[in-house]
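From first to last, the protein sequence lines stand for chains R and W. Numbering-wise (the numbering used here), the first sequence opens with residue 603 and increments by one. Numbering-wise (the numbering used here), the second sequence opens with residue 228 and increments by one.
Each hint should be verified, as a subset may be incorrect.
As the list claims (entries may be wrong) - Which stretches of chain R does chain W cover? Using the computed rule of at least three CB atoms under 8 Å from a CB of chain W, they are: (1) 671-677; (2) 680-688; (3) 718-727; (4) 748-760; (5) 769-780.
Unchecked claim - Taking CB as the label site, the calculated pair distances span: (6) R:Gly779 with W:Arg251: 41 to 47 Å; (7) R:Gly743 with W:Arg458: 45 to 51 Å; (8) R:Asp730 with W:Glu252: 56 to 62 Å.
Because the hints were derived from the structure by calculation, they are not lab data. Computed from a predicted model, the values in this text were never measured in an experiment. Even glycine gets a Cβ: it sits at the ideal position worked out from N, Cα and C.
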Amino acid sequence: MSRDHDAMLVHACLNGDPTAFATLVDRYQGPLYNATYRITGSVDDALDATQAAFTSAYEKLHTFDPSHRFFSWIYRIAVNQALNIVSRRRPQAPLDPASAIATDDPDRALGEAESTRAVHEALQELSDIHRTVIVLKHLQGLSYREISDVLDIPETTVKSRLFDARRRLRTVLHEQGWL
Amino acid sequence: METRRLEELLWKRVDGELGADERRELEAALETDTGRELEQQVEACAARLRSLAAVSPPIDLRPRFERNLATGPPQTTAHRARWRAPLLALAAGLVLGVLGSHLVRIDRTLTSEVHPDQASGAMVPITVRTPFVAELEADLGRLEMRFDDGRLELDLRVEQPGIVTVEGREQPRLVATRALDATNGQVVLTDQGVVLNTDGPGRWIVTLEAAPAAWPLRVSVSVGGRTVLDRTLTPGEIRGDR
C-alpha cells in the first residue's frame with residue numbers, strides 16, 4: 603500500500619501538486635535522518651545529508667522509475683549522500699570522540715546510558731560499508747532484499763557484508779568491555 | 228564447529244532465519260563453553276544495537292528543504308507517458324475505494340507552507356458569489372462549489388468516508404488542499420480529473436484551476452460506496468449566474 607501511495611505522490615508532484623513532495627518529506631525525514639546520523643555520526647552531517655537527499659530526489663524526480671520502490675530510491679540517495687560526506691571529511695583531522703559527544707550527540711542529550719553511546723561510537727569505528735549495512739539492518743529494520751535494493755548489491759553480498767560487520771562490531775564492543 | 232560458522236548461525240537466529248537443521252546444529256554447538264560464550268556476546272551485541280534510540284530530525288528540516296528549492300522538478304512527455312498506465316490503474320482502484328489512506332495527506336499546516344501563491348504573498352482570495360450547493364442524499368453531507376477567476380473551490384462536508392471525483396475534458400490543476408475538523412484524506416490526479424478520498428467524517432476544501440477547455444465538469448460524490456451526487460456542471464451553474 604505504501605508503495606502505491608508513494609508512487610501516487612511522486613506522480614502528483616510531477617503534475618504540479620505542491621503538497622505531494624512535502625508529504626513524502628514528512629514520511630521519510632525521520633528514517634533518513636536516523637540512518638544518516640548513524641552513518642555519519644554527526645547530527646549536522648545527518649541534517650546536511652538528509653536535506654541534500656530530498657533536494658536531489660526532488661530535482662531528479664522525473665528520472666524515478668515507478669516500477670521500483672520510492673522507498674529504496676530515496677534511501678539509496680540518502681545513504682550515498684551520507685557516505686560522500688564521510689569520505690570528504692576523512693582527509694581532515696580525525697573526529698575527536700570526546701568533543702563530538704559533548705556537542706553533537708542526541709544520545710547524550712536524550713540521557714541515554716553510557717553503553718548506548720559506546721555502541722554509537724563503536725559503529726563509527728567500522729568501515730563505511732560495514733557501518734551502513736548494520737544501520738540499515740538493525741536500526742532501520744530493512745530486510746536483506748531491501749538492503750540489496752538500497753545499496754544495489756546482490757543479497758548474497760548483503761549477507762556476507764553484514765556478517766563481517768557484525769563480527770567486527772562484536773569484537774570492538776567486546777574489547778571495550780561492553781559485552 | 229568453527230567459530231565463524233557458529234557466529235553465522237547465532238546471527239541467523241537473531242534475524243529469525245534459522246532453519247530446522249541449522250537449529251539442531253547450533254544447539255549441539257552451544258553445549259560447549261566456547262559456544263555459550265559466543266552466544267552471550269552475540270545476544271548482547273544485538274541487544275545493544277536494539278537499545279539505540281531513534282533520534283528526531285530537527286523540526287525545521289522540511290522548511291529548510293523547501294527554502295533550498297529554487298525550481299520545480301523537470302518532466303518530459305516521455306516521462307509522463309511512462310507514468311500514465313500505472314497511475315490510471317491506481318486511480319481506478321482508488322475510485323473503487325480499494326486504496327487506503329495517506330496518498331496525499333491534507334494538512335492545514337502543510338498547505339499553508341507550500342501553497343504556490345504564498346511565494347509572492349497570501350493565498351489568492353476566492354470571490355464567493357452564489358455557490359453551487361448540493362445536499363447529499365440521506366443527510367450524508369453537503370458539497371459547495373465556488374468558481375471564480377478560473378479557480379474552482381470544492382468544500383465538502385461528509386458524515387462518513389467519501390469519495391469526490393471531478394472530471395473534465397482536461398485535467399484541472401490542484402492548487403491547494405485543506406482539512407477542517409478532519410483527520411486526513413487523499414487527492415489523486417488522473418488524466419481527466421481529481422479524486423478526493425476522505426478517511427472519515429469532516430470537512431475538506433480543495434482548490435483547483437480549471438481551464439475553459441476543461442468544462443463542463445462532471446462531479447460525483449459517493450459515500451459508503453453509494454453515489455449520492457452525480458452532476459455535470461458549467462461555470463455559470465457554479466457561479467450561480469444562470
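Hints, one by one, checked against the model:
For a cut-off of 8 Å, the count of residues in the region 671-677 of chain R with a CB near a CB of chain W stands at 0, and the three-residue condition is violated. Only residues whose C-beta sits within less than 8 Å of a C-beta in chain W count toward coverage, and the region 680-688 of chain R has 0 of them, not enough to reach three; the restraint is violated. Beta-carbon proximity to chain W at under 8 Å applies to 4 residues in the region 718-727 of chain R; the threshold of 3 is reached and the given coverage holds. Taking a C-beta to C-beta cut-off of 8 Å, the region 748-760 of chain R contributes 0 residues in contact with chain W, too few for the three needed, and the coverage statement is violated.
Beta-carbon proximity to chain W at under 8 Å applies to 6 residues in the region 769-780 of chain R; the threshold of 3 is reached and the given coverage holds. Checking the proposed 41 to 47 Å range against Gly779 (chain R) and Arg251 (chain W) shows it is violated: the Cβ atoms sit about 34 Å from each other. Distance hint check: the CB atoms of Gly743 (chain R) and Arg458 (chain W) are about 48 Å apart, consistent with the given range 45 to 51 Å. For Asp730 (chain R) and Glu252 (chain W), the hinted distance range of 56 to 62 Å is not satisfied, since their beta carbons lie about 33 Å from each other.
Going through the hint list in order, the structure does not satisfy hints 1, 2, 4, 6 and 8.
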